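Student: Listed below, chain by chain, are the residues.
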Amino acid sequence: MAANFAALRSKVELALAGRVVAPFNYRDRQEVVTVSSGIPEIDLLTGGLPRGALTEIFGPSCSGRTSLLLAALRARTAQEESCALIDGGDAFDPHSAAAAGVELRKLLWVRCRNVEQTLRATDLLLQGGGFGLIAVDLSDIAPRLVRHVPLDSWFRFRRAVEDTPTILMLLEQESNAKSCASLGLRLEAGAAGWSRMPVESAAGRAEDFSRLPWGWLLEGRSARGEVLRSRMQKGGAGYFRGGFAAAPRVANEGIFRTRMDWDFFSLPIAAKRK
Amino acid sequence: MRPCIRKNMAFAAIHVANFMVQAVLRAEAELSGKPVALVDGTAPLINVVAANDAAWRAGIQLGMAQTQAQLCAVEIRRRSRAQEQAAHAALLELGWSMSPRVEDHVQDTILTDLAGLHSLFGAEENIAREFARRAAAMHLRVHVAVSANLEVAVHAARGFAGITVIPQGEEARYLSGLPVQALAPSAEALLTLQRWGIRTCAALAALPVLELSERLGQEGVRLQELARGAHARALVLAEPAEILQEEMELDDAVEDLEPLAFVLGRLLDQVCARLAARALSAAAIRVRFDLGDAFEKEESVRGKNVVAAGVGVETAAAKAYEKVLHLPVPMRDSKMLLKLLRLQLQADPPAGAIVKITLGADPARPRTTQHGLFVPNSPDPEKLELTVARLAKLVGGANIGSPELTDTHRPGEFRMNRFFPSMNETKARGRASKKSASGGDGEAAAVVRRPATGCRIFRPRLAARVELREGRPVKIFFRGLYGRVVTASGPWRISGDWWRRDAWQQEEWDLEIAFDGGDAGGTASGSASGSADVHVNVQVNMQVIAAVQDAQVHMRAGLYCVYYDATCRSWFVRGMYD
Numbered sequence: 002m003a004a005n006f007a008a009l010r011s012k013v014e015l016a017l018a019g020r021v022v023a024p025f026n027y028r029d030r031q032e033v034v035t036v037s038s039g040i041p042e043i044d045l046l047t048g049g050l051p052r053g054a055l056t057e058i059f060g061p062s063c064s065g066r067t068s069l070l071l072a073a074l075r076a077r078t079a080q081e082e083s084c085a086l087i088d089g090g091d092a093f094d095p096h097s098a099a100a101a102g103v104e105l106r107k108l109l110w111v112r113c114r115n116v117e118q119t120l121r122a123t124d125l126l127l128q129g130g131g132f133g134l135i136a137v138d139l140s141d142i143a144p145r146l147v148r149h150v151p152l153d154s155w156f157r158f159r160r161a162v163e164d165t166p167t168i169l170m171l172l173e174q175e176s177n178a179k180s181c182a183s184l185g186l187r188l189e190a191g192a193a194g195w196s197r198m199p200v201e202s203a204a205g206r207a208e209d210f211s212r213l214p215w216g217w218l219l220e221g222r223s224a225r226g227e228v229l230r231s232r233m234q235k236g237g238a239g240y241f242r243g244g245f246a247a248a249p250r251v252a253n254e255g256i257f258r259t260r261m262d263w264d265f266f267s268l269p270i271a272a273k274r275k
Numbered sequence: 150m151r152p153c154i155r156k157n158m159a160f161a162a163i164h165v166a167n168f169m170v171q172a173v174l175r176a177e178a179e180l181s182g183k184p185v186a187l188v189d190g191t192a193p194l195i196n197v198v199a200a201n202d203a204a205w206r207a208g209i210q211l212g213m214a215q216t217q218a219q220l221c222a223v224e225i226r227r228r229s230r231a232q233e234q235a236a237h238a239a240l241l242e243l244g245w246s247m248s249p250r251v252e253d254h255v256q257d258t259i260l261t262d263l264a265g266l267h268s269l270f271g272a273e274e275n276i277a278r279e280f281a282r283r284a285a286a287m288h289l290r291v292h293v294a295v296s297a298n299l300e301v302a303v304h305a306a307r308g309f310a311g312i313t314v315i316p317q318g319e320e321a322r323y324l325s326g327l328p329v330q331a332l333a334p335s336a337e338a339l340l341t342l343q344r345w346g347i348r349t350c351a352a353l354a355a356l357p358v359l360e361l362s363e364r365l366g367q368e369g370v371r372l373q374e375l376a377r378g379a380h381a382r383a384l385v386l387a388e389p390a391e392i393l394q395e396e397m398e399l400d401d402a403v404e405d406l407e408p409l410a411f412v413l414g415r416l417l418d419q420v421c422a423r424l425a426a427r428a429l430s431a432a433a434i435r436v437r438f439d440l441g442d443a444f445e446k447e448e449s450v451r452g453k454n455v456v457a458a459g460v461g462v463e464t465a466a467a468k469a470y471e472k473v474l475h476l477p478v479p480m481r482d483s484k485m486l487l488k489l490l491r492l493q494l495q496a497d498p499p500a501g502a503i504v505k506i507t508l509g510a511d512p513a514r515p516r517t518t519q520h521g522l523f524v525p526n527s528p529d530p531e532k533l534e535l536t537v538a539r540l541a542k543l544v545g546g547a548n549i550g551s552p553e554l555t556d557t558h559r560p561g562e563f564r565m566n567r568f569f570p571s572m573n574e575t576k577a578r579g580r581a582s583k584k585s586a587s588g589g590d591g592e593a594a595a596v597v598r599r600p601a602t603g604c605r606i607f608r609p610r611l612a613a614r615v616e617l618r619e620g621r622p623v624k625i626f627f628r629g630l631y632g633r634v635v636t637a638s639g640p641w642r643i644s645g646d647w648w649r650r651d652a653w654q655q656e657e658w659d660l661e662i663a664f665d666g667g668d669a670g671g672t673a674s675g676s677a678s679g680s681a682d683v684h685v686n687v688q689v690n691m692q693v694i695a696a697v698q699d700a701q702v703h704m705r706a707g708l709y710c711v712y713y714d715a716t717c718r719s720w721f722v723r724g725m726y727d
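Chains as they are written, first to last, in this note's numbering: chain A, 2 to 275; chain B, 150 to 727.
Please keep in mind that the hints were generated in silico from the structure rather than gathered at the bench. None of these values were measured; they are calculated from a predicted model. A virtual CB, placed ideally from N, CA and C, is assigned to each residue, including glycine. All clues stand as given, with none of them false.
Between beta-carbon pairs, the in silico distance windows are:
{"id": "1", "chain 1": "A", "residue 1": "Leu15", "chain 2": "B", "residue 2": "Leu522", "range": "40 to 48 angstroms"}
{"id": "2", "chain 1": "B", "residue 1": "Glu179", "chain 2": "A", "residue 2": "Lys179", "range": "51 to 59 angstroms"}
{"id": "3", "chain 1": "A", "residue 1": "Arg121", "chain 2": "B", "residue 2": "Gly190", "range": "50 to 58 angstroms"}
Partner residues are not named here, just some residues of chain B that face chain A (Cβ under 7 angstroms, in silico):
{"id": "4", "residue": "Pro528"}
{"id": "5", "residue": "Leu540"}
{"id": "6", "residue": "Ser551"}
{"id": "7", "residue": "Phe563"}
{"id": "8", "residue": "Ala601"}
{"id": "9", "residue": "Arg605"}
{"id": "10", "residue": "Ile606"}
{"id": "11", "residue": "Arg621"}
{"id": "12", "residue": "Thr636"}
{"id": "13", "residue": "Asp727"}
Same shape as in the complex, but just chain A (with noise of 0.2 angstroms):
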């Protein structure tokens, strides 16, 4: 039986001489870099956002995942990092990015039609490599379709990753890289803010204009955030050795805010309150 094994093990050796150096040596892995994603609540959950790994967001419309998607491109780009985004769906806009403080001569915009073309420009972006921070971003793609990329694309992103220092970021209405991502966040839309504006009258005095539809403002949203997968420790630049472990639910919750910025549709807000 020894013998057996021992011939069994040569024979691979021997095939993927050249290929891999040590097919069966523990391939130890490297001290986990994560930086910031741009928003505190999710840095405090995550330990911010892993280097050379897959961060896998999701969830449904309006769940906060394009602010967060432009909190760490904003990050990336103050850092001086050229970022690209990859969208799947054409739906990045880049007068709310410019407002949240991207950088945009830094970002690389690849506007794509379908998830093909995603993958095939993820695909050539990740050879290309040097990139701080590529965003796939496919959430305005049916999940139905998403579902039907076989699994060994995102093995192959998360290989292509390993080792640099890029940030993959894939954004989603539904987890499909699974155990590929290191990284797992699921996002809920939460309560929206709405702020009523006392108007001064004629007379001078203030008045609750609040039944009419311009006294009302829009502020912002929360978002809930929940670690659903981690390959980091929690809190800070992990040092990761051994398996995979799934996070446990309770404790990986957090609650962000976001703000309007009533300036990304050129609008000034005196002239919104007119």
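We have chain A already, so just place chain B on it with the hints.
Tutor: Relative to chain A, chain B alone:
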């Protein structure tokens, strides 16, 4: 050109023997070592005008008819003046690669001033060897002669094979064995000298000057000075060309791009070698195809193509195709340039058979970068350009780039720019150093504010049906779903460009919508309620509805930006706050 006179200087003459043949061999390296004969003329008078040694040995003779030459088992090529020009330009580049003072003497010979080269290359013989080595890298075999006298160097280079270094004062002795023809006398003078029995330079140099002047005039005096190595003149400097160009005429017209890649690669190799010789890189690559008749492709396609090229001058016959590959950073890697060129040509191929290729490079100083420990990672510009070109082929050139907001209030307006991340690197280094000095990687500074609410845009805009009550939206129908408006904020009236045909006027609403589910098909074209304030829009895109049916389960509630377009009196959903 301007004269340059220096004293106690050494000059090198670089001569390409059998220039016409070498010019062809330079472009077709696979012919090296084979017997090659060049023919020229117009049919039926096409004769051999040049051949290499192997061809002479095979029986080729000068002036032989092409039909006769074909019987001698040699490779027959037409003489190419374009390749001769390119070879001449390469010869000049060879001179400039080592010395800034170069004279463009004749097509197959150049002169260079060796002043200052001794400290770099050592003795004059070493300098001459370096010239020969660099010429070989350019696929040229040259004879090099070094002398203090310009004319002596030229004659020695033409007369002696390999490397010849003539010490000062021994010019006459070195030239003595050369035939008089090496001095390029006029036919009349040569005939006279031959009648006198003067065959060599030594014999000519021995003639008395006065008598020679009486019989042959000033030409005789000049020839004798040349034979003695005593004719002095100044070096006439040549100016480097602004565009490096290589040309190749194809024997057979080529319609497909794939077979052309080999030729383009060779031309790029030559251009890059010339750039390297001058320590330069290419800022842009210009390719021009002279097109023959399009055998299989439609004339209409050709017309479209010629217009689409749109970057250069078209001939009257519209049989030329031009393309310019602008590079974000100067490059000199011929393989990388070939890949980029192929991608660009594949995106917009020429609509005709290619008969001649002209490839030029705009020279520029090479990119210099200083990397630092704290400079953030950035894509390599050369690699990035290739990646972007591949992505452009995949998604279309207009769908990739860096967005830039335009100077307008019109919602959703932006333009796509070329992505070029390599900013002011010194500035970046400074910023990064400051951030690292202030502690950590400066992450804290990036997260002081609450994150902004992201917005996703629907492209194209989604038509919607909105029910108003007391001027406020209460119900909305889009994407096959009915939604109840929970909270509405608006209307925020915006307008602009009233002086233009595409003036815009909108009333914007921010709506919090709770979806109750809906009937995707049945109510899509239904009528609105009877309220007088109701605006009806029945432009529901059935395709959109079908595509989003999967996503309906995820649309339970949401924040949307909806607007009423007063110019077309319709409601639309601009985007979603996510």
